[in-house]
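K.L.:
Modelling step: build the complete structure from the supplied sequences, incorporating the hints.
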Amino acid sequence: MATAILQPVGNGQAQASQSTRPVRWHIAIFLAPALTIYTLLMALPLAETFRLAFFRGAAHDREYAGLANFRVLILDERWAAQFWNALANSIWFFSIHLLVMIPLAVLLAALLSVRGLRAAGLYRTAIFMPTMLSFVIIGFVWKLILSPLWGVAPTLLAAVGLESLFQPWLGKEQYALTALGFISVWQYVGIPMVLSYAAMLAIPAEVLEAAEVDGITGLAQFFRIRLPLLWPTIGVITILTFVSNFNSFELVYTAQGVLAGPNFSSDILGTLLYRTLFGAQLQLGDPHMGATVATMMFLIVLMVVCGFLFFVQRKLVRYQF
Amino acid sequence: MSKHKLSLKILGLLTAGLSVTAGAAPVTLTIESWRNDDLAIWRDQIIPAFEKQHPDIKVRFAPTAPTEYNAALNSKLDAGTAGDLITCRPFDASLELYKSGRLAALNELKGMENFAPVAKAAWSTDDSKVTFCVPIASVIHGFIYNRDAFAKAGVSPPTTEGEFFDVLSKLKGKLRLVPLAMGTKDGWETASMGYQNIAPNYYKGEEGRRALLAGKAKLTDPQFVEPFRLLAKWKPYLATGFEAQTYPDSQNLFTLGRAAVYPAGSWEIASFNKQAKFPMGAFPPPVAKAGDKCFISDHPDLGLGLNTKSPHAAQAKVFLEWVASKEFAALYSNALPGFFSLNKAPVELRDPLAKEFLTWRSKCESTIRPTYQILSRGTPNLENEFWVVGAGVINGTLTPEAAAQRLQKGLSSWYKPAQ
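These protein sequences, in sequence, are chains A and B. For the first sequence, this note's numbering assigns the number 1 to the initial residue and increments by one for each residue that follows. For the second sequence, this note's numbering assigns the number 1 to the initial residue and increments by one for each residue that follows.
Heads up, some of the hints might be wrong.
[As the list claims (entries may be wrong)] When the alpha-carbon atoms are kept at most 20 Å apart in a straight line, the in silico SDA-like pairs for lysine to any residue are as follows:
1. B:Lys409 with A:Leu75
2. B:Lys76 with A:Asp286
3. B:Lys152 with B:Ala276
4. B:Lys99 with A:Gly285
5. B:Lys76 with A:Leu41
6. B:Lys99 with A:Phe278
If you are wondering where the hints come from, they were derived from the structure by calculation, not from laboratory data.
P.N.:
In structure tokens, the structure reads:
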């Protein structure tokens, strides 16, 4: 999706002298390796997933099922509760990122770009560091930090006299997903921060100086000069975050296990997909329902991304310097 | 062109030559397993004993992580890269493999007569006509306790429900110890070590399980709800923050001596022996009233089957015959105390804790976990639901009655005899 956004708008030069030129085979040849790999590893599996979603039965006697799998997933009581629960949880998981991670990232970027800040490089590296850690480590480390038995969280809270605030967050239905959301924010805030930081550095000094001459400084300068120039970047960040959140799976799986407990309160679409497709303990994997969940995930992401591109991203004003 | 043909011929000769040499060299068999904890035991004790007798066959034990085993095995089987011998999960996971032609029928295998029908049930078709894995071991549920803590608190192992809670409250009152080492975060312990551990005493083991299968009993019947009421009473005896306590947390809590009683499966014995610095004892799940007949969950857990695609089927069968022998039973049960051989031949155990578990087989009636045969075939999956509601009942977010209703509703939605 990112490539689609970042593609330059066609500039019309190419068509100008097309008729006089010979067929340019080298373009096809240069594209071929990438296209082949992409087709084999991405396009074909995706197509096969769609196909599987329209069938049912075991591998040896597979039958065409039309839209039956989708009807079961969305409407049948046995599946629908799980599906809608996972969808609602995914939306909540994304909301945390939208409302906490992105403002936080912009704030951090703004602070980092303050002129004369000492050790800015150190902060930047420290905040970016968790992004580079493996999700297995993140899940494990946070499980330990928050452990009521040997975690540092209860000890640290006790040190400042707030022990009563401690809860076994990952084990309570009402907190588990939110806690995981914050862990994920902690892990990934580095990426939007670096993107916003780069966008802020790209703002020409003349613009800011002109603002200062007009008496716009400090917070007013941030909200009236920097932020409007940042909106396109924030838009891209939002859409990337949305896509990765709706395909997210690993953090919940490593921290909460395959049943995304307690009582499915941290079950997001990714974990539902894994459980359905590969099974869990006595539950056998079901490739057809799994493919149906995967297809639904793809359609949801596709719809939202298209909607965003058509209705929001196009309306954002880009300034040329 | 002729050059190509020539190279093809050379290639053909080479491969022919290779296959000839392969026939002469010892064959290597690979075992797929989820028991990565047992890697050293297979490598250093079990396999060498076999290789000594059969110098022409080499065996390699190649385990994956337990939670990934089913998914990994299925992918390997689909891709044709799975090992020659497949460690079998009990019931449906393996039955599905047999039905789709991944596992070979083993009725004719020499040594299969060493196993009782009950032992073979976990790896047989529903009509019990075909058996497709050699039964290896079962695990028994109960409670392991810290003898020192019991002595200090002046209590002895409970035999009835009343005594059980009495002991727990004494442990909590007198010692600064966590009485029960169990958490609800991972969920499965609340089913396997919680409900399925204590419940057979109330629904009368096989009798209750068969009634459930036949649709004559419901999970909302009192004998199935009562165990949930007892589980709900465990809450005050668990560690603070047990809602986020994981399975390894519970193990550590007990082996570090910070908890007195561990709701257990016998598979813990080997690792507890290594880690715990205090003497341990075990008691079976308490009965409702003194003198009641006792029932234990004696669950077939592990078998070994033959991959139909194995290029060394003949050698693999030689290995399987050995696995079905009395010699293997003795070797395995003593190398892995807590995994009890399913072989009819009695085995002399050396480990005292494992011996204690095994005595229950003669005192009490054995049954298997209620969800494993047939009842977890549909959606919602009954075993998964047991994990979820078990945790809910102990956490206090679900009443025992509501838990039973949720289970029964889910089961009746797809299992017809139960309606």
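K.L.:
For the pair we were handed, Lys409 (chain B) and Leu75 (chain A), check the Cα-Cα distance against 20 Å.
P.N.:
Holds, at about 17 Å.
K.L.:
Given the proposed pairing of Lys152 (chain B) with Ala276 (chain B), does the C-alpha separation stay at or below 20 Å?
P.N.:
holds, 17 Å
K.L.:
Take a quick look at whether Lys76 (chain B) and Leu41 (chain A) sit within 20 Å of each other, Cα to Cα.
P.N.:
holds, 19 Å
K.L.:
Does Asp286 (chain A) lie within 20 Å of Lys76 (chain B) when you go C-alpha to C-alpha?
P.N.:
Roughly 17 Å separates the two Cα atoms, so the pair holds.
K.L.:
If you draw a straight line from the CA of Lys99 (chain B) to the CA of Phe278 (chain A), is it 20 Å or shorter?
P.N.:
holds, 18 Å
K.L.:
Does the structure keep Lys99 (chain B) and Gly285 (chain A) at a Cα separation of 20 Å or less?
P.N.:
Answer holds: Lys99 (chain B) to Gly285 (chain A) is near 15 Å, not above 20 Å.
The structure meets every hint from the earlier list without exception.
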